[in-house]
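Chemist: Residue-level listing of the chains:
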Amino acid sequence: MPAEIYLNVAISGLLTGLVYGLMALGLSVIFGVVRVVNFAHGEMMTIAMYLAVALFASFKLDPLLMLLPIAGVLFLLGYAMQNWLITPFINRPEHAQFMLLIAVAIIMVNGLLIVFGPDAQNVQTSYSFDSFAIGPLIIDATKVYAGLAAIVVAAALFAFFKFSLTGKAIRACADNYTGALVVGLDVRRLYALTFGLGAACVGAAGAILVLIIDVTPPLGPAFTLLAFIIVIVGGLGSMPGALLGGVLIGVTEALAGLLFTPSAKSMFAFAILVLVLLFRPEGIMGKRAS
Amino acid sequence: MDRKPFTNSPRVTRRTFAAGTAATVSLMASPAILRAQGAGLKVGVLLPRSGAQAGIGQDCQRGVDVTAGILKQLGYPSLQIMNADTETNVEVARARAEKLISDGAQLLVGAFDSGQSTAIAQVAEQKGIPFVINIAAAPPITEQGYKFVFRNFATAPMILSDAFVNQKEVFEASGVAPKTVVFMHVNDTFGTAMQKGIGGLMPKFNMPYTIKETISYDPTARDLSVEVSKAKATGAEALMVVSRLNDAILITREMVKQRWSPMGVLSMGPGWYEDQYLKTLGKLADGPLSFVPWYDPNKKVSKLLEAALAKAHPGINLNTNQIYTFEALMVAADAYKRAGSADPKALADAIRKTNITDNVSTGPGIQFDAKGQNDKLKNAGIQNRAGKLVTVAPKGATNAKAEWPMKPYDKR
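These protein sequence lines map, in sequence, to chains A and B. Per this note's numbering: the first sequence ends with 290, consecutive numbering throughout. Per this note's numbering: the second sequence ends with 1412, consecutive numbering throughout.
In short, the hints are calculated from the structure, not lab data. Just so it is clear, the structure is predicted and the values come from calculations on it, not from any experiment. Among the hints, erroneous ones may be present.
As the list claims (entries may be wrong) - Once the Cα atoms are required to be at most 27 Å apart in a straight line, the calculated DSS-like pairs of lysine-lysine come out as:
1. Lys1388(B) x Lys1401(B)
2. Lys1299(B) x Lys1072(B)
3. Lys1388(B) x Lys1168(B)
4. Lys1279(B) x Lys60(A)
5. Lys1311(B) x Lys1371(B)
6. Lys60(A) x Lys1283(B)
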């Protein structure tokens, strides 16, 4: 097999992995601060994907241009969910939080089925079938745009947490909950803001991902699982870890499909998960429990 | 404030409880009996209306939608349709079949997919309820010695045998044949049965090509870029494929993006001729050849079905999904008419003696052998042309000449 095929496939996996990483970043942010595992994460992403499909079908608006408005809608959804639905469960046992978010996920899947039906839907932009030829390499143009958009969104999120006062306050809540209360931070509002940001992140990922794959309502649970694999591999609560995990899973799946059999490529993602759990349970970039 | 004591409520005795239960049971049973007498045979139709095969399941449903009017015109008794969604899931298919039977279904029809149909066949046989398969090609379904399972659809070896004959006809007519192909197939029950069948049957047909590589993929795959890269890298002259609908669209998109235009696409399954494929891909949908169970456009009932579909669903091309779903219901109505009863055993005996020559599918008609298989079905070669489907093989049943090799994607 020609060497450029390996490079082609690895680049394709890398670009898709960046979008996966952005999606998982939302999950990591929420868990890292609020300590709630969002079991409706993939379902929230399918909502964003359907918003992109609806906007494109009605007004021919490119999902990349609609990325910010869609992220905004998901932010509001996340903020409202945390503020009114999840907050009463914050101090309840984890299984109660788990059941709540599973219920929310099921409602979302069935709601999407009622509204949009079961057919796969997609967005066909003017560049949907374009590719860049660089020497012997042929790179999917859509994946290049999607990968770049994922990098920009992730960088903006990193900058927000690093440089803004609100971002620093959220990090303070994550580091020391009691300390944050003592210094007078409005933890409830900051938690809602964090959940909103995580949801906005997954909203942006959905708007980008709809350029690469078709959306159906049952896609949600599959992506929730994928997000979990990525954040566990990268390190639960670690933002750079989520991106790294996404890229690692994307490239591994792509190369495994090429070198072994494509129908077993998901198996390799799970194999990485098992190895990480065995030898580095905190994830590649996660912090060891003291 | 004191609560009202419970002792004030009427006392329930064993006698009143028994009377109430009897009344409830009789109320529940009476309408069911009346319905069964008045509304014809209760037929449970199981289709993948959601999940990965939703598009095809809904296409089959269009066949269900237009059946009642045609059966009436042909003098068959009416059917009471009970719909169920298998959710493209074998276990759900099994559970839904059990539920339909417990809800009073007297005959089952479905389920497009071999895996799901296998599960339903086991339930039908266990419960003694006739099951008429509309579409499912895995051979073992009718090799189990079942007494209540019937299939009016070609098995994988039948599809492959006719496909090889029809492909050679197309190659000879155009004077161009590929020397190598790469074979991509979905790794579900149907795809695996076809893959096994190719290994056994291809040598007998002296095909002009050899298979350079076989690539299988998951039926729920969301991205087939790796698979197509691998297929392209083999350098094969043509793509041979057994797929479903969503994956057919994904493969085509990737072929265009990866700038791979083989001599042609030779499909031996669904996907490439579906309306959703044609509408989604527009001019990029033109060219693939599908070698599949099809219909004889010259038959009277075919014209009735075409007209009914055109009226109910304008712009939808008549295809395998509607044809064989309609015929499965036709078998049910015919058996009910001859049996004169909804008794499952009488229905199964009547189905076994089916002899419908006034039908839709290619071939002499609908009859079942001792295993419950219609072994007289014939397949055709069809090609997508400007959003329409034309029949290019076998000789005598064509309405167009195949465009082979197909036009490259970058020249459209």
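Chemist: Determine for every hint whether it applies to the structure shown.
Modeler: Structure-based check of each hint:
Proposed proximity of Lys1388(B) and Lys1401(B) is supported: the alpha carbons are some 14 Å apart, at most 27 Å. At most 27 Å may separate the alpha-carbon atoms for a hinted pair to count; Lys1299(B) and Lys1072(B) meet this at roughly 18 Å. Distance hint between Lys1388(B) and Lys1168(B) is fulfilled; the C-alpha atoms sit about 23 Å from each other, no more than 27 Å. Straight-line distance between C-alpha atoms of Lys1279(B) and Lys60(A) comes to about 17 Å, which keeps the hinted pair within the 27 Å bound.
The suggested pairing of Lys1311(B) with Lys1371(B) is violated, with an alpha-carbon distance near 37 Å, which exceeds 27 Å. For the proposed pair Lys60(A) and Lys1283(B), the alpha carbon gap of about 20 Å is at most 27 Å, so the pair holds.
In summary, the structure is inconsistent with hint 5 from the numbered list given earlier, while agreeing with all the others.
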